[in-house]
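Engineer: Listed below, chain by chain, are the residues.
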Amino acid sequence: MTEKNKCLKPIITLLSILLFGFQLYSQEFLIETENFSNKGGWVVDPQFVEQMGSPYLMAHGIGKPVKNAKTIIKIKEKGNYHLWVRTINWAPGNWEAPGKFKLKIEKKTFPKVLGTNKNWNWEYVGQYNFNKKEAQIELLDLTGFNGRCDAIYFSTKNIAPPNKKNELKKWRNKMLQQTKSPNKTENFDLVIVGGGIAGCAAAISAAEKGLKVALIHDRPVLGGNASGEIRVHTEGIYGYFERILKMIDTDHYPNGSPEAYDDDEKRMKNMISYKNIHLYLNWRAYDAVSINNTVQYVDAKHTSTSERIRFKAPLFVDSTGDGWIGFWTGAKFMYGRESKSTFNEGWETHGELWSPEKADNFVMGSSVLWRSKKLETVTSFPKVPWAIEVAKDYAAVNGEWQWEFSRNDLSQIDDAEQIRDHMLKAIFGSFYNEKQKIGNEKLALKWVSSLVGKRESRRLIGDYIYTLNDVKNQVDFKDAVVLEKRSVDVHYQQNLNNPEKPNFLSEALFFRTSGYKLPYRSLYSKNINNLFMAGRDFSCSHIGLGGPRVMLTTGQMGAAVGYAASICKKYKTTPRAVYQKHLNEYMKLVLSSSNQSQNN
Amino acid sequence: MKNTILKLSVIFIIIIGIFSSFKNKPNPNCSKILELPSLDGVFINDVYFCETETEGAYYYSKIETSVCSDTLCRIVNLKVYWDLAGNLKKFDTIPGKQLTKNDHINFTSEDYSKLLKTLKDNYSVIGKKHVGAFIEKDKFRKSDKIDGVSGATKRTIKEEAVEGALYSTHTLWKLINGTIKKQLKEYTNSNYSEKFKLQLLNSENGNTNLFALQKLKDDDYVEQFDLILKIMKKKHSLVNFYISKALPQSIFKDEISKQKLKNVWSFLDENSKSVLIENLN
Ligand SMILES: Cc1cc2nc3c(=O)[nH]c(=O)nc-3n(C[C@H](O)[C@H](O)[C@H](O)COP(=O)(O)OP(=O)(O)OC[C@H]3O[C@@H](n4cnc5c(N)ncnc54)[C@H](O)[C@@H]3O)c2cc1C
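Sequences listed follow chains A and B, in order.
So that you can map any letter, position 117 of the first sequence is 140 in the numbering used here, and since no number is skipped, the others follow by simple counting.
So that you can map any letter, position 7 of the second sequence is 17 in the numbering used here, and since no number is skipped, the others follow by simple counting.
Relax, there's no trap hidden among the hints.
Keeping only pairs whose Cα atoms sit at most 27 Å apart, straight-line, the calculated DSS-like set for lysine-lysine is:
id: 1; chain 1: B; residue 1: K270; chain 2: A; residue 2: K381
id: 2; chain 1: A; residue 1: K495; chain 2: B; residue 2: K192
id: 3; chain 1: A; residue 1: K415; chain 2: B; residue 2: K127
id: 4; chain 1: A; residue 1: K381; chain 2: B; residue 2: K268
id: 5; chain 1: A; residue 1: K135; chain 2: A; residue 2: K188
id: 6; chain 1: B; residue 1: K99; chain 2: A; residue 2: K524
id: 7; chain 1: B; residue 1: K130; chain 2: A; residue 2: K415
id: 8; chain 1: A; residue 1: K415; chain 2: B; residue 2: K124
id: 9; chain 1: B; residue 1: K168; chain 2: A; residue 2: K415
id: 10; chain 1: B; residue 1: K272; chain 2: A; residue 2: K381
id: 11; chain 1: B; residue 1: K207; chain 2: A; residue 2: K381
id: 12; chain 1: B; residue 1: K243; chain 2: A; residue 2: K381
id: 13; chain 1: A; residue 1: K203; chain 2: A; residue 2: K335
id: 14; chain 1: B; residue 1: K168; chain 2: A; residue 2: K524
id: 15; chain 1: B; residue 1: K89; chain 2: B; residue 2: K100
id: 16; chain 1: B; residue 1: K72; chain 2: B; residue 2: K89
id: 17; chain 1: B; residue 1: K240; chain 2: A; residue 2: K524
id: 18; chain 1: B; residue 1: K191; chain 2: A; residue 2: K524
id: 19; chain 1: A; residue 1: K381; chain 2: B; residue 2: K195
id: 20; chain 1: A; residue 1: K540; chain 2: A; residue 2: K269
id: 21; chain 1: B; residue 1: K184; chain 2: A; residue 2: K524
id: 22; chain 1: A; residue 1: K524; chain 2: B; residue 2: K130
id: 23; chain 1: A; residue 1: K415; chain 2: B; residue 2: K244
id: 24; chain 1: A; residue 1: K604; chain 2: A; residue 2: K335
id: 25; chain 1: A; residue 1: K363; chain 2: B; residue 2: K255
id: 26; chain 1: A; residue 1: K524; chain 2: B; residue 2: K244
Bear in mind the hints are in silico, worked out from the structure with no lab data behind them.
As the structure is a computational prediction, the values presented were derived from the model and not from experiment.
Bound conformation, chain A alone:
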């Protein structure tokens, strides 16, 4: 050490002590908005946790500001705090941000308009002097156009929190004092993640065979795309599972119709009638771990309370659609459109639109359904310049299945929020254009889903990969557990063929068939020993998914998997061994499904 440095040493030490002391003294805390006790008109959005870090509150008021979200916070140390909110301007451009809001504490409304960040990041709100141990905090929506708030950070120091994905994750856990693993563990015979029609059917068939089942679903209602939240009607045939599927399917309402609520009710009533189905609604799985290619557990978090549970079982079903459990546990999977030679699925008539010469990521897209209605009285709709960028001059009164968005550079998983937001712009812009027409003075936007309905993403690889050739050749598998008759249809974006068309509309190509069967071997993972899949993440090619992705077919997959789980339990064995060693017994069980009654 030099002479000069020697002199500096005591100064540095003193500074460190001061800084350290200051740090000890400084106070900070984080409030997750999804934990707000009164959410007012804001909705919890847990769809993009893996990408942006957390469920968040969103002011989905379809153009009308929603009621304030409120909560009471406890303050350990009174004093002056700096405030930040984590938010995003979801439609940045040369216009005012669509989703603007303000923060209010007790009687003070902060002047800063929030929701203006280009990407998810922290926005500084101002300072507040807490002189009581409790305070009411409120989110004030200003626009009704999907303002978003993930969390609110309070600190006596004026230093913004981190925002890089991993750093933020660690920091968030620290702030919320989250231990590495959940404190609570629960044990089941079968853990099913994803309560779409596939997950529900799996739960019923397994429960009927006496298994203790956990069904973890990140929404308040069951049904996935068939729920009243997304409103797609179930298509396909019942196969061997009519009795089970009729408990959870939908009427043939036009997609987007509120008639979906009646079916939600029916589904829920039937599901809760099974005592050994343990429903975890509003729970989102966020991790799963495998050792020696065997899933050990799934960790899930409540989307509003942030409570966590570890779910253990000898067997798991991935019916998340996006294949999350498979992804986390290292199951092999596929994504994208295979080249036409990969599985020999080319069709000259439709060439590149059907199956490309070279593989790409141009999968079938995701949708947001919506509808409008003529009211008795004249109603207004605000200007939406940020939406016109996408809608251009397109005008519409409702959105059916063709309202779909896919692009080669956008992942239906990683970019799902951007895709949902693109559809929101398309909807608000097209409705605005429609509203300008003479005669539409009483037309009002009635319902726009806040959830994105997906068609295709990860497909987990099983012992058998189902392809178009199995449809064409009408292969009669000895383990055929799912039957279907509907055409194989895949979608493409209309603007691919015709630049005049908007980029948010799709078209379908149909390969007609008289019927086909799917093997059980496409319903369990090739390399994860105790993982089933049911739903659109089953083992198939991109074109192979075209037929069986509809919900009665995916429901059949679920029911078939639930029965297979019961054989696994009986012989303490794996899904693969059901095929290899117990196929006769299993097929008898499947074939007799319609005659079986509840057994719980």
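Add chain B with the ligand to chain A, keeping to what the hints say.
Structural biologist: Structure of chain B with the ligand alone, referenced to chain A:
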């Protein structure tokens, strides 16, 4: 009563059909290659392969077909020209046999343009279904049986069919874009030549370009690179996406070619850009 009228009109059409076998021959540069029966099998239309200095190679047929609604049938005549990829190039009317809407009003020139646009669209909704599906009897008709077919709304059809000529548009689309397309492509394939290749690549129709692009080898992409760039400027997303994936690595190793690609950047869609960007950087 309805049935009698229908029967009478069918008989009338058959008689006309018999007489129509004595048809005019097209110009001497044409040779008959196949026959195209009308959808009801009443008329047999000869299809010719033609080649002229000015037009290059193309296919031609003077088609005659019956167009039937629920109650009535009538005859429609048109001279049809397809390109080497089996895509419609244009059509001509036959003097005295103008197309009509609502069965009696002659088509305007706008109507003809609209018809041409629809007939040229390989994926027009009009060709997808039985024509009855486009007539919405119940405004709140429930959506169709399968994902992806909830029924073309009347509104969509209005965009594609000349008002009052739904049946003619539908019948003509089916005839011009039906099985004949495949047959014409096969004929082109079995007579494929350098001349054909260049003609296809120089076509204004993106789908026709694609037909030839799919036959190119890596070396051809290098050799025809300037022509490829010209195609890219036409902003046909499907074609540009195909080219972006098909371009061989040698193009990306050559700085001049890379620059040329950057020069057409503003003509490209996001899909094509996403593929090219990986190679350009
Ligand atoms: C607009 C549109 C129209 C369509 N038309 C039809 C039609 O007419 N008829 C038809 O039958 N099919 C139709 N489909 C296709 C069909 O809806 C889907 O293929 C089908 O929903 C797939 O079923 P699934 O059970 O695999 O997934 P989903 O229905 O998506 O269900 C999976 C559920 O799992 C939940 N989940 C995901 N991750 C987690 C997690 N980590 N933790 C907890 N829960 C999680 C999700 O919230 C989701 O609800 C359409 C799809 C769309 C988007």
